[in-house]
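Asks: Here's the letter readout for the chains.
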Amino acid sequence: MKLHDLAQAIEGDCDQPDFEITGIQSLEHAGPGDLSFALGLDYLEAVTNSRAGALLLPRDFPALDRPTIRCAQPALAMAKAVELLRPPYRPAPGIHPTASIDPGARIGPQASIGAYAVIGPGCRLGARAVIHPHAVLYPDVWAGDDLLVHAHVVIREGTRLGDGVILQPGAVVGGDGFGFTPDGDRHGKIPQVGRVVIGSRVEIQANACIDRASLAETTIGDGCKIDNLVHVGHNSRLGENVLLCAQTGLAGSTRIEENCTLAGQVGVAGHCTIGARAIITAQSGTHGDLPGGEMYSGSPAFEHGKWLRVMALLPRLPEIYQAWRKGGNK
Amino acid sequence: MKLHDLAQAIEGDCDQPDFEITGIQSLEHAGPGDLSFALGLDYLEAVTNSRAGALLLPRDFPALDRPTIRCAQPALAMAKAVELLRPPYRPAPGIHPTASIDPGARIGPQASIGAYAVIGPGCRLGARAVIHPHAVLYPDVWAGDDLLVHAHVVIREGTRLGDGVILQPGAVVGGDGFGFTPDGDRHGKIPQVGRVVIGSRVEIQANACIDRASLAETTIGDGCKIDNLVHVGHNSRLGENVLLCAQTGLAGSTRIEENCTLAGQVGVAGHCTIGARAIITAQSGTHGDLPGGEMYSGSPAFEHGKWLRVMALLPRLPEIYQAWRKGGNK
Amino acid sequence: MKLHDLAQAIEGDCDQPDFEITGIQSLEHAGPGDLSFALGLDYLEAVTNSRAGALLLPRDFPALDRPTIRCAQPALAMAKAVELLRPPYRPAPGIHPTASIDPGARIGPQASIGAYAVIGPGCRLGARAVIHPHAVLYPDVWAGDDLLVHAHVVIREGTRLGDGVILQPGAVVGGDGFGFTPDGDRHGKIPQVGRVVIGSRVEIQANACIDRASLAETTIGDGCKIDNLVHVGHNSRLGENVLLCAQTGLAGSTRIEENCTLAGQVGVAGHCTIGARAIITAQSGTHGDLPGGEMYSGSPAFEHGKWLRVMALLPRLPEIYQAWRKGGNK
Numbered sequence: 166m167k168l169h170d171l172a173q174a175i176e177g178d179c180d181q182p183d184f185e186i187t188g189i190q191s192l193e194h195a196g197p198g199d200l201s202f203a204l205g206l207d208y209l210e211a212v213t214n215s216r217a218g219a220l221l222l223p224r225d226f227p228a229l230d231r232p233t234i235r236c237a238q239p240a241l242a243m244a245k246a247v248e249l250l251r252p253p254y255r256p257a258p259g260i261h262p263t264a265s266i267d268p269g270a271r272i273g274p275q276a277s278i279g280a281y282a283v284i285g286p287g288c289r290l291g292a293r294a295v296i297h298p299h300a301v302l303y304p305d306v307w308a309g310d311d312l313l314v315h316a317h318v319v320i321r322e323g324t325r326l327g328d329g330v331i332l333q334p335g336a337v338v339g340g341d342g343f344g345f346t347p348d349g350d351r352h353g354k355i356p357q358v359g360r361v362v363i364g365s366r367v368e369i370q371a372n373a374c375i376d377r378a379s380l381a382e383t384t385i386g387d388g389c390k391i392d393n394l395v396h397v398g399h400n401s402r403l404g405e406n407v408l409l410c411a412q413t414g415l416a417g418s419t420r421i422e423e424n425c426t427l428a429g430q431v432g433v434a435g436h437c438t439i440g441a442r443a444i445i446t447a448q449s450g451t452h453g454d455l456p457g458g459e460m461y462s463g464s465p466a467f468e469h470g471k472w473l474r475v476m477a478l479l480p481r482l483p484e485i486y487q488a489w490r491k492g493g494n495k
Numbered sequence: 166m167k168l169h170d171l172a173q174a175i176e177g178d179c180d181q182p183d184f185e186i187t188g189i190q191s192l193e194h195a196g197p198g199d200l201s202f203a204l205g206l207d208y209l210e211a212v213t214n215s216r217a218g219a220l221l222l223p224r225d226f227p228a229l230d231r232p233t234i235r236c237a238q239p240a241l242a243m244a245k246a247v248e249l250l251r252p253p254y255r256p257a258p259g260i261h262p263t264a265s266i267d268p269g270a271r272i273g274p275q276a277s278i279g280a281y282a283v284i285g286p287g288c289r290l291g292a293r294a295v296i297h298p299h300a301v302l303y304p305d306v307w308a309g310d311d312l313l314v315h316a317h318v319v320i321r322e323g324t325r326l327g328d329g330v331i332l333q334p335g336a337v338v339g340g341d342g343f344g345f346t347p348d349g350d351r352h353g354k355i356p357q358v359g360r361v362v363i364g365s366r367v368e369i370q371a372n373a374c375i376d377r378a379s380l381a382e383t384t385i386g387d388g389c390k391i392d393n394l395v396h397v398g399h400n401s402r403l404g405e406n407v408l409l410c411a412q413t414g415l416a417g418s419t420r421i422e423e424n425c426t427l428a429g430q431v432g433v434a435g436h437c438t439i440g441a442r443a444i445i446t447a448q449s450g451t452h453g454d455l456p457g458g459e460m461y462s463g464s465p466a467f468e469h470g471k472w473l474r475v476m477a478l479l480p481r482l483p484e485i486y487q488a489w490r491k492g493g494n495k
Numbered sequence: 166m167k168l169h170d171l172a173q174a175i176e177g178d179c180d181q182p183d184f185e186i187t188g189i190q191s192l193e194h195a196g197p198g199d200l201s202f203a204l205g206l207d208y209l210e211a212v213t214n215s216r217a218g219a220l221l222l223p224r225d226f227p228a229l230d231r232p233t234i235r236c237a238q239p240a241l242a243m244a245k246a247v248e249l250l251r252p253p254y255r256p257a258p259g260i261h262p263t264a265s266i267d268p269g270a271r272i273g274p275q276a277s278i279g280a281y282a283v284i285g286p287g288c289r290l291g292a293r294a295v296i297h298p299h300a301v302l303y304p305d306v307w308a309g310d311d312l313l314v315h316a317h318v319v320i321r322e323g324t325r326l327g328d329g330v331i332l333q334p335g336a337v338v339g340g341d342g343f344g345f346t347p348d349g350d351r352h353g354k355i356p357q358v359g360r361v362v363i364g365s366r367v368e369i370q371a372n373a374c375i376d377r378a379s380l381a382e383t384t385i386g387d388g389c390k391i392d393n394l395v396h397v398g399h400n401s402r403l404g405e406n407v408l409l410c411a412q413t414g415l416a417g418s419t420r421i422e423e424n425c426t427l428a429g430q431v432g433v434a435g436h437c438t439i440g441a442r443a444i445i446t447a448q449s450g451t452h453g454d455l456p457g458g459e460m461y462s463g464s465p466a467f468e469h470g471k472w473l474r475v476m477a478l479l480p481r482l483p484e485i486y487q488a489w490r491k492g493g494n495k
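Residue numbers (my numbering), protein chains in the order written: chain A, 166 to 495; chain W, 166 to 495; chain G, 166 to 495.
Keep in mind the hints are simulated off the structure, nothing from the lab.
The list makes no distinction among identical chains, and a pair is therefore deemed to hold if it is satisfied within one copy or across any two copies.
Pairs of lysine to any residue, SDA-like flavour, derived with a Cα cap of 25 Å: (1) Lys-167 - Thr-213; (2) Lys-471 - Asn-424; (3) Lys-354 - Asn-424; (4) Lys-471 - Cys-437.
Pulled out of the complex, with its shape left as it was, chain A reads as follows (with noise of 0.2 Å):
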């Protein structure tokens, strides 16, 4: 592909338009036939060190003796450029003849349904739906178009998707929440007979869980990412594009705004609510609500800036203390 051509198709400028580019590969990794890109001048060192033949930048990159495509989002430039250059895996379209489909369920065309599947009846699939092998979908599943589903994913009865979701492998949609009432000595089940709803452009990864409601709707709002391992508890609800990394848990019923990033291994407990565009850094937890718009650490988590002073201070506390006992200089 044509420098140039790729220029244009990600909506950048180059200065060598016939410079032949034939991979994509990360700074380290590239060899001269290779596009690489740096997304600011801490990538520097790195684009001198790489045998990238071509570099995607930002346009106030330093000159390079290179060919370039210069753009205004270079991040996004990237990720187009990946999808025209190295395009993700994609089964052909058509139904693996072990499909197990049941004469009740709708499938929109240009779906490809891999070996071993089963979607139960009442599943409604729209257009383009990729369902890879051993994917099992009970009843009464309805999905927007541009479904994608990876292999060993359990979407549960009831559930509802909307356009261009994405379940890496493993992921379990819909599972039983963790609901139970003392009956006696013993623990008596609730039963769970709610269901999962999830918006357009949402992903979920690998091995993440997202437990069904107990009577009402566990919610995911539009452009939500889930990454792996993530435990979602019955009746929660997300707002649009909330980011949950690795490992994250929300206990249940609890209520996370739009646009709030919750790092790796957070908690949240039960009946919360995390306002919109609130961030909570990695391994934080907390048991109690907390307003929108800051960056909270720790576990209970507070506000960032006290907590990394907090933590600073940790360390120093033996000292300190032994400093305060002899009455010594402080």
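Go by the hints and put chains W and G onto chain A.
Replies: Relative to chain A, chains W and G alone:
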């Protein structure tokens, strides 16, 4: 269903016996034909705002202008009402033609075995087993009556399960323990040839992992409930009615005595014992034994009341430190 | 099996060569026909209480009135004895008629491929592969000899695996990394088209997730052992013989040098390097680099000895604070 018939079935008293109920829903989502419920006085405002046609209430709840069922244990009564009004999905009895059942397996009456389920030689399942599509039972798995196994569950060789066990999608029972021993510069594998023994009325939720013992048994007592993504290490022993909330991890040879509750993301190190009826709050951890009957918090965990006082002080550390340095106003 | 033959096989010395061994068990569960073992003097009381017929012991263990095998490395000898006396379950070689193997896949000799396993085009497996039922290998997965893949494992396209790799049930190798970039108000997906490269003798346990790289490679060095529910983010690099205990998470582009041990529920932020032979204790976390050869604790983590002193002081903070306020007895 008439309110009178429902009240009788769930052992409550109703005031408008002929009122017709068509569903059951949360206060927020209920409509005029729905029964909803309040578990105590803190639901009062939500009850007032709800469109629910009828309400299930504790006996001492204030009078309402709507039909009610009053009962001693409203949460338990609600669970029973859900079973009657919105019974959970359950596939019809029968064995799907694609299920791969070894001729040496014994399956009790009225079983439902789904598409592509695999049941190995020597397996014995009691009456009314429900095995959803794609569950895999390795050889020699024995279970009591009313086993309910969801899609993509794996139960490895030799596992024993009591009556009424429920396994949510993707749960793994009997995976190898994490057992290695130095072998020169390498980690030599210790074969994991023990098994998992699970009592009756145990529920293990989505993508949770219960490892087999090295030689003897990992045991899960009657009535234990294990949430999504929990890890139970090899040779652990859980007493009756233990609750392990989501993403909790038990390292190995861990002993959790009866009626303990470990909240979400708790960790317990190897060879520790947690005494009966202990409660460990979310994100806490311990590498030592904890006596029963108490509540613990922190990592490492100590008595909860003391932990609350420490945590109230922690964010103030920098200002206290500055005050001390200045010798100023305390 | 005669004690003499066993002793010879595991390179130990026995005192009653004709004693007949029928099994191997833990001290607590062993009977008169069983061999059991003690790894050191702290097992002395358990040995005395055990009904084991014979014992595997370190050379310097006190004399017993029972048949013994003494050896230099009892844990390693025990592992070998288990292999002989209770060999782990292994399905017979052969290809199940329901396995879906692409004609373009190459499978080495003596393979065992279970029911409904799916092996995509371009896959190449070495000798003696064991693929349990319902494992899914996407296209172009290459593995060395002695691959052991349990039920419901997913290995995505292009993964490379060395010799003797073991994957426990539900493990996911090669799921998309969590890579997004702002696209207007939305999170735009960065295609994840790199791969995972796994060395030899690696074991990845149940429901753990190893993400593929964005463009280049996520690499797992020879001899690494990865426990249940671990998350390894995209572009991470593990040196040889790293141990990642259960529920640990590596964010992305994380580098863990050789012979590190990360205990349970540890978290490492993106782009950090953990130096060789570092140990990070359970529930600790770091968002910075940590030099090798040391032990670290806390979140954020610092030197373990100092952390122990801080943690000993922490529960006493309220009383120290009160004493300071009162100006009283220190």
